[in-house]
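Going down the list, the protein sequences come from chains Z and B. So in my numbering, the last spot in the first sequence is 251, and the numbers never skip. So in my numbering, the last spot in the second sequence is 363, and the numbers never skip.
No wet-lab data here; the hints were simulated from the structure. What you are looking at is a predicted structure, and each value in this text was computed from that prediction instead of being measured. A couple of the hints might just be wrong.
[What the hints assert, rightly or not] Derived BS3-like pairs: lysine-lysine, alpha-carbon spacing no greater than 25 Å straight-line:
| id | chain 1 | residue 1 | chain 2 | residue 2 |
| --- | --- | --- | --- | --- |
| 1 | B | Lys203 | Z | Lys194 |
| 2 | B | Lys203 | B | Lys193 |
| 3 | Z | Lys7 | B | Lys206 |
| 4 | Z | Lys187 | Z | Lys227 |
| 5 | B | Lys203 | Z | Lys193 |
| 6 | B | Lys206 | B | Lys219 |
| 7 | B | Lys203 | Z | Lys7 |
[To be verified] Okay, the calculated bits of chain B under chain Z, using three or more residues with CB under 8 Å as the criterion:
| id | segment |
| --- | --- |
| 8 | 45-57 |
| 9 | 66-79 |
| 10 | 211-223 |
Virtual Cβ for every residue (Gly too), placed ideally from N, Cα, C.
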Amino acid sequence: MLQQMNKRPESLVDVQMHYCPGCGHGVAHRLVAEVMDELGIRERTIGVAPVGCAVFADHYFNCDMIQGPHGRGPAIATGIKRSKPGCIVFSYQGDGDLASIGMAETVHVAGRSENITIVFINNAIYGMTGGQMAPTTLLGQKATTCPAGRDPKVNGYPMRMCEMLATLDGARYLERTSVHNAANVLKTKKALKKAFQYQIEGRGFTMVEILSTCPTNMGITPLDACKFVQDQMLKQYPLGVYKDIQNVSGN
Amino acid sequence: MSEKLLMKGNDALAEGAVRAGCRFFAGYPITPQNEVPEYMSWRQPQVGGAFVQAESEVAAINMLYGAAATGTRSMTSSSSPGISLKQEGISYAAGADLPIFFVNVARGGPGLGNISGAQGDYFQSVRGGGHGDYRTFVMAPYSVEEMGNFPLHCFEVAEKYRVPAMILTDGVLGQMMEPLEFKFPEVDPKTLKEPDWALGECKGRKNRLVGSYDLVEGKLEHVTLARAKRYAQIEAEEVLFEDRLCADADIVLVAYGIAARACSAAVKMARAEGIKVGLFRPITLWPFPKRQLRELADRVQAFLVVEMSLGQLVDDVRLAVEFEAPVHLHARPSGVTPSGEEILKKIKEALKAGKGEPVCSSR
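Can you build the whole structure from these sequences, using the hints too?
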C-alpha cells in the first residue's frame, strides 16, 4: 500500500516559487515552514519579507506577512513584536539586506535583545539585482561590481555576522549552518527549531545564518554552487554555534 | 471635557497622542523635539503601550511601519533633518496603505541649519516628501492647545482613508508653554474596531499581507488610482482653515503655524489704525483650502503671504487664487520669526502696490 511520507508544510502556501534551479531559498523556506508546523505556531507567527530575491516570501509563507524597505526588517519586526508580544516574529533577510544596508538595524535589534528570530541567507552575492558584490563576497570572488574579483585594497574584506553579533550581550542564540548538502540541511532545521523555541520561551534575540547557493549569478551549475560553498565559503564562514545562552529566563 | 493645563507644546503633542489612543512610539533624539520621546518613555508604559528609542530615524519610522501594520495607533516625531531620513518609511507606509502618524517639529535648514522654529519643510510635507506618487494628510497647529488636540484628528483621518498623517509644527510651538484643554474624551484603543487588514494571529482566517510592491504590469497603477480616489475624497471633505476678519478686508494675510501667530498681532495693530486686514489660516496644509481662497480672491484687493520659508506656501496660494488677485510675499527663512510690526509695514507696502507687481520681501 502506498503511503504519503512527506507533504507540503501547512506553513507554506501551495504556489510555485520563483526561485532559480539550485537556489537555496526554497530549501530554507521549507525548513522554516516545517519548524513552524512542528512547533504549532503558524497561526500566531508574523513574518517580515526583505528586499532581494526573497521579497516574494510574503506570498510563500502561510502566516501573516509584511514586506518593507531594504534592510529594515529588524526594525519592522521590533515594531510588530512590541505591539503583539504574543506573536512569534521572524525576519527573513539576505546578505545585502542584513549585512550592508541593514547593518545598523541588525546590530541594534541584537543589542536590544528583541525577542525575534532572524533567518539570514548568506550566499555571498546580490541575487535580485544581478550579481553585484555583497558584503559577504569572498576575496577574489568575481561579481558584476568587482569583475576582476574582490580586491581587499579596493573592496575591503568580507564580513562575518555571527562572529560580530556574538560580542553583544543581547544576542542569545547564533548559529551558522548551510544548505549545500543533505546533512547540513538537517542541521539547519535543527538550528531553526532551536531559535524559534528560544523565542517562544522569551529568551531574546536569535539568528540562524544559512550559507546558501546562487548558481545563476555566479554563472555556474547548481552542483558547482554547492561545491563553492563546501570548498570556499566554509573557510571564510565556519559552521557552528557562536552563541547559546541557555539559562536566560523568559521576559 | 478636561481641566485647564499648562504645558509645553511638545509635551502637549505627546499627551494628546496618548489620550488619542497611541500605544506605540519610536523616536530618536533631535532638537527641538526631544521632549516628545522623553515624555513617551515614561507615559507609554503607564498606559500599557510601548516606547522604543531607535538607533536612527530610519529605524524609528520602520518600527512604526511594523507597529501600525498590527493595527496599533503608532507615532514617531522628529525635526527637519530627521524627517528627511524618515521619508523612505513614509513612502512605504503610503504604498502599503498604513495609517501612520508622525510629527515634524521643524527647525531652520537646509542641512544641519539651526534649532529655531522654521517652515522650510512645507514642500516636503505637502508634496509627498519620499519617492513615488502619494499624499500625506498634513495639519499645522498654531497654539499649544492645537498641538494637544490635533493628534486624535490625525489618527482618525489616517485610519479612515489609510494614509500617513502628520503634524507640521516648529521649534517655537514645540518649546513654548501655554494653557490648554484636551477637548475630547480619552480614547481606549481596546474599544476601537480591529481593522480587517491588521496583522496578528491568523487563526480561523486567511493569512494577511501588508506591502507596497506589485510587479504585474498595470496592477500597481490600478492600486495607485484607487488610492487617488481616496485622496480626492480627502480634498473634498477634510479641509480645515480659520478665517478671521476676512469679510470686510481689503487685504488678507495668509499664514499657518507660528507665522499665523505673528500675523494675528499685525492684524490687531492694523485694525487699530483703521486698515481693513483679515487673516486666513490654513489648518490642513494638504488638503489645501483652495476653494475658500479662490472665493476670497473675488472680494479682496490683495493677499500677503507671510511664511518662515523662502516662498513655498505662496505657490499654493497663487495656484488657488488663479491670478484673480495679486499675491504678495513676506518671507523669513531659516529660523527667524517675523514680528507684528514688520508685518504691518509689509501690509502697507502691499496696499500701496495695489493691483501692480507683487511685492516680495524678506527682512
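Against the structure, the hints come out as follows:
Of the supplied pair hints, the one linking B:Lys203 and Z:Lys194 holds, its CA atoms being roughly 24 Å apart against a limit of 25 Å. Annotation: proposed proximity of B:Lys203 to B:Lys193 holds, straight-line Cα distance about 18 Å (limit 25 Å). This hinted pair checks out: Z:Lys7 and B:Lys206 have alpha carbons roughly 20 Å apart, not beyond 25 Å. Between the alpha carbons of Z:Lys187 and Z:Lys227 the distance comes to roughly 18 Å, so the proposed pair stays at or under 25 Å and holds.
A distance of roughly 21 Å separates the Cα atoms of B:Lys203 and Z:Lys193; the hinted pair therefore holds under the 25 Å criterion. A threshold of 25 Å between alpha carbons decides the hint, and for B:Lys206 with B:Lys219 the separation of about 22 Å falls inside it, so the pair holds. Restraint check for B:Lys203 and Z:Lys7: satisfied, since their Cα atoms lie roughly 21 Å apart, inside the 25 Å limit. Proximity of the segment 45-57 of chain B to chain Z, defined as three or more residues with a beta carbon under 8 Å from a beta carbon of that chain, is established by the 5 residues found.
Under a criterion of three residues with beta carbons nearer than 8 Å to beta carbons of chain Z, the stated coverage of the segment 66-79 of chain B is upheld, 7 such residues being counted. Proximity of the segment 211-223 of chain B to chain Z, defined as three or more residues with a beta carbon under 8 Å from a beta carbon of that chain, is established by the 3 residues found.
No hint from the list above goes unmet by this structure.
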